[in-house]
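Chains as they are written, first to last, in our numbering: chain F, 1 to 315; chain Y, 316 to 561.
Derived pair list, reagent style DSSO-like, types lysine-lysine, alpha-carbon separation capped at 30 Å:
id	chain 1	residue 1	chain 2	residue 2
1	Y	Lys376	Y	Lys465
2	Y	Lys410	Y	Lys518
3	Y	Lys376	F	Lys46
4	Y	Lys378	F	Lys46
5	Y	Lys521	Y	Lys410
6	Y	Lys465	Y	Lys378
Source of the hints: derived by calculation from the structure; they are not laboratory data.
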Amino acid sequence: MPSNRNTQPHFVAALDDTPVAAVDRLDETEKARSTWADAWESLRGKPSFWISSVLILLIVIVALFPGIFTQVPPDQNCLLANSNKGPEEGHLLGFTRQGCDVYSRMIHGTQASVTVGLLATVIVTLFGVVVGALAGYYGGVFDAIVSRIGDIFFAVPTVLGAIVLMSVLPDRTPVTIALVLSIFAWPQIARIMRGSVLSARNSDYVTASIALGVSKFRILVRHVVPNAIAPVIVIATVSLGTFIVAEATLSFLGIGLPPQIMSWGNDINSAQTSIRTNPQVLIYPAIALSMTVLAFLMLGDAVRDALDPESRARR
Amino acid sequence: MQYLIYIGGFFHGDLGTTYSGRAVSDVMAAAFPITARLALLALFFESVAGILVGLVAGLRKGKLFDASALVVSLLLISVPTFVIGFILQYVFAVKLGWARTTVSSEAPLSELVLPAIVLASVSFAYIVRLTRASVSENLGADFVRTATAKGLSRRRVVTVHVLRNSLVPVVTFLGVDLGSLMVGAIVTEGIFNINGVGGTVYKAIKLGEGPTVVSFIAVMVVIFVLANLLVDLLYAALDPRIRYAK
Numbered sequence: 001m002p003s004n005r006n007t008q009p010h011f012v013a014a015l016d017d018t019p020v021a022a023v024d025r026l027d028e029t030e031k032a033r034s035t036w037a038d039a040w041e042s043l044r045g046k047p048s049f050w051i052s053s054v055l056i057l058l059i060v061i062v063a064l065f066p067g068i069f070t071q072v073p074p075d076q077n078c079l080l081a082n083s084n085k086g087p088e089e090g091h092l093l094g095f096t097r098q099g100c101d102v103y104s105r106m107i108h109g110t111q112a113s114v115t116v117g118l119l120a121t122v123i124v125t126l127f128g129v130v131v132g133a134l135a136g137y138y139g140g141v142f143d144a145i146v147s148r149i150g151d152i153f154f155a156v157p158t159v160l161g162a163i164v165l166m167s168v169l170p171d172r173t174p175v176t177i178a179l180v181l182s183i184f185a186w187p188q189i190a191r192i193m194r195g196s197v198l199s200a201r202n203s204d205y206v207t208a209s210i211a212l213g214v215s216k217f218r219i220l221v222r223h224v225v226p227n228a229i230a231p232v233i234v235i236a237t238v239s240l241g242t243f244i245v246a247e248a249t250l251s252f253l254g255i256g257l258p259p260q261i262m263s264w265g266n267d268i269n270s271a272q273t274s275i276r277t278n279p280q281v282l283i284y285p286a287i288a289l290s291m292t293v294l295a296f297l298m299l300g301d302a303v304r305d306a307l308d309p310e311s312r313a314r315r
Numbered sequence: 316m317q318y319l320i321y322i323g324g325f326f327h328g329d330l331g332t333t334y335s336g337r338a339v340s341d342v343m344a345a346a347f348p349i350t351a352r353l354a355l356l357a358l359f360f361e362s363v364a365g366i367l368v369g370l371v372a373g374l375r376k377g378k379l380f381d382a383s384a385l386v387v388s389l390l391l392i393s394v395p396t397f398v399i400g401f402i403l404q405y406v407f408a409v410k411l412g413w414a415r416t417t418v419s420s421e422a423p424l425s426e427l428v429l430p431a432i433v434l435a436s437v438s439f440a441y442i443v444r445l446t447r448a449s450v451s452e453n454l455g456a457d458f459v460r461t462a463t464a465k466g467l468s469r470r471r472v473v474t475v476h477v478l479r480n481s482l483v484p485v486v487t488f489l490g491v492d493l494g495s496l497m498v499g500a501i502v503t504e505g506i507f508n509i510n511g512v513g514g515t516v517y518k519a520i521k522l523g524e525g526p527t528v529v530s531f532i533a534v535m536v537v538i539f540v541l542a543n544l545l546v547d548l549l550y551a552a553l554d555p556r557i558r559y560a561k
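Next up, chain Y with everything else stripped away, as it sits in the complex (with noise of 0.2 Å):
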């Protein structure tokens, strides 16, 4: 019964309240912003960062810089999170001083550069190995040959043929990227102590505030189906060879 009236009062908006008396949706509705931005930029960097050396490894394929980033992207997948922003704080914020070891309360883009760079390190290595791979298959495609014998450019070739036909996994696995970024993010938070959605479950998790924790990863998950179903739609205009059944 008071599962009913929970779930009741979830889908009214009402979330329950936090220990410290809080309406769980205020503490929700003041973390949000700083994660979306913390997020938004985690996904930049991995994005334009992943499909740009992805790109690179999969037109020099066999060669010495697509090696490296094969190594690379492994090791970074290997390493987790946590384990990668602790070594990054200690290295760029405690023993160099480029950055600052926590995140003041506002949050600012220019301090949350470092935890980005965290959070997106992990689905970076991902993009860039799923990147080559298609690429490398791309390049052998018809349709690729087709448009190099018209005598384009090898620049157009790339770009407007190969590029666009290889992006299409890419946004699938953005999608699915979504629920480790939240992880991702909830250890980040908690490293950087950034007062974010995922900073504020790292200390109930802590605290062992059950309900706040449940509240919290509920909305998260919403969001997670949500965007997938975003993302399933997206399909379709970025790929006219998908067609859902009318």
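Only chain F is shown next, with the shape it has when bound in the complex (with noise of 0.2 Å):
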């Protein structure tokens, strides 16, 4: 770029070209919008980015603090007199077939299924964009030997990889859970970043940084990371959906959170056996697993809109 520079005869318009009125005119009072504002601006508008916050919101409290939703214990005095029978007074959704309440374990079971998929996705989005960034920042040996290693993670199917794992690990928590999918999902994540920041370190305001003399690693954290990073915050919000949907998959495998610790897909697979006399048991996990994972990707969605300029002119 610079050798570029010194061919060119002038760096700026010469000063007779330049048009004084035009410079004149400009509004200095107004302010600079970035592009987060621009983002903001355009998600307010969006019924699908409200109804999908609303519901976040709802999942978060339900999983921080399920005793405002029910008093019912979940997994204690289960009668199995109570076995599969239908709902009634104070047990809305009707009995498991241990003769346990459907709603108060549905509500209780957020707590673990939630925990899986947000801690996979810290996990992924601090690894993948720390690693993509210095690949795609610095380069050289470096970008080499983690972009391969990365290859040889990207190509196994995650799901189909931790269920490899998982049935060899002896013993399963959210965090191994998490731990696992995280192994085979962070190429995607690096690999954007990588791309964004590959594209963000020849801007204009990279080089007018290096010519002000900022040291290379403050322009990689204050101008390169903040200008990159927005395409891996549209794949974070969808994925921990999807990381949500791989628990409930090991999970009803037998292979994700052991029996005791409830969650949505341990009890969709121990509702497995009554479906027939029984669907409530299985249908009200299965819909609250399907709203949070509807409720993350409406978010995802909204979120590319607002922050692809060119799919919002698109429209």
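Work from the hints to combine the two standalone chains into their complex.
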């Protein structure tokens, strides 16, 4: 880039070419608006953004304080006499095969499912952003090594890889599930971040910072990463939903969370046996699961439209 | 050391034995045709229906059909495969009696229709969204305007110019999607008790047969990687604009 500059006759237009009137007409009182302000402006007008945000807020409250929504203990006082009974006073959605309250289990199952999804997303995003940004910004040997390692894990579909690891791991907790899912999911974020950093690295504001004498690392942290992170945020939102599905699928196969931890996947798994006689035991946790995933997908879609001016213009 | 012996055997086709004493490779040979039939049927459903719905939605962007296609596809993506499996099994097999709840051991095509629809559902939704997005993008492209200006009929513009160019991302997706199709096959074949590759893995997981699970999934991953290589090579044939360096 700089070598190119030297051959140019002028950096800026010659003084007599500069349209002074145009410069004078610039309104300096108007604040420059960032991508984020623009995105927020566009998000505010979207019903899908508000619906998904309210849903997610509700899910978070349910996960943090299940006691607000139900007083019925989910796994104590289960009477086999109530096995597979229909809804009754105080037990809106009926009972499971073990005679536990379906509604209460659905509420208390939120926590484990959301924890796994959130934890996996945080791990994948942090790791992917750091690795991807360093690889894209510094390039060289580090980039080559990291990208090839990423390719290896990228070649294995996340849930297939997780099935293998989970079926041999001795103890299964929300943390181990999140870690196992992250092992196979981080290359996606790292790749996107790397590509995004690569294109931001050559922009004018980076050249300007170099000219001002800002250190390389500081440019990366202060200028490149904030400008390159938008696509990662979209993917992270959507993948929170897919991690929750992955956990439920693993639990459904019996290699997810251990049975004593309440989660939607476990409840759906144990409801399999009574689906013919008592389908509601399966339907309600499934609805809770699907609504949660739907909320994160909708939010991801809305954020993508807001952050990507091209897709906005196409509408 | 054990690992090296296993890997050495793996490349020579020796995948070990299951807990019941059968060689894993024998079990796989018996199971593979059934899964191949199921997967091809699902691929057929999802690509034909998905491209069709996506094309119509893309052509009528913003209309009722488009809006409902978007909502339905979003719902299908959010509902996990095993939930769709149980619901369809309950409604069509238990309540209505149109299909069998479990598939017999020979797994003829007619019995595989319902499981194939379950397996296809999530990918169908993705294909609809992908086709819709690229169709509506291509509709505004210069070559479409040129084709229309040349006086070509709408039908020809849509089928030859818009659709052909819109299929490139869909084909890419089908390659990547094979991975989720495999996971879906484990779940679907488990629910409908099909004796295919997925059903065998499902049972092995439930019984805690680690070695069987590892061998089967290793083979699945190899197939997945090879299929994606094939897709990459197909690119150039499908889109002359993509050229690999010589």
